[in-house]
Amino acid sequence: MVKTASLSLDRGRCKGCGLCMAFCPGEVLGIEKDLNDLGYYPIQLTSPDRCTGCGRCAAMCPDLVITVTREESA
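UniProt numbering numbers the first residue of the sequence shown as 1 and each following residue consecutively.
Simulated from the structure, these hints should not be mistaken for lab results. Be careful, since some hints might not be right.
With a straight-line Cα cutoff of 20 angstroms, these simulated EDC-like cross-link-like pairs (lysine to aspartate or glutamate) come out [said to hold, decoys possible]:
#	residue 1	residue 2
1	K3	E32
2	K3	D37
3	K3	E72
4	K3	E27
5	K15	E27
6	K3	D63
7	K3	D34
8	K15	E32
9	K15	E72
10	K15	D37
Can you make the complete structure from the sequences, with help from the hints?
Now the structure itself:
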């Protein structure tokens with residue numbers, strides 16, 4: 001059984017606090033170079049292949065901008 005995970009990010013609501021990056025064991029996230037509409041540098045997915053789907057990033061996000069989806073295939 002193969003387990004895969006994907007993240008979806010709500011760039012427009014992210015304040016770039018970095019909590020998700022600090023708690024991600026796979027170092028999957030980074031900060032964008034462009035501001036969002038709120039005037040913050042939001043997070044971006046930099047290494048999606050290293051995401052294990054642990055959900056720590058989503059659990060730590062105070063603005064609920066991260067959704068983790070886990071899938072299993074045979």
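Do the hints match the structure? See the list:
no., hint, in the structure
1, K3 to E32, "28 angstroms, violated"
2, K3 to D37, "35 angstroms, violated"
3, K3 to E72, "4 angstroms, holds"
4, K3 to E27, "19 angstroms, holds"
5, K15 to E27, "19 angstroms, holds"
6, K3 to D63, "27 angstroms, violated"
7, K3 to D34, "32 angstroms, violated"
8, K15 to E32, "11 angstroms, holds"
9, K15 to E72, "32 angstroms, violated"
10, K15 to D37, "10 angstroms, holds"
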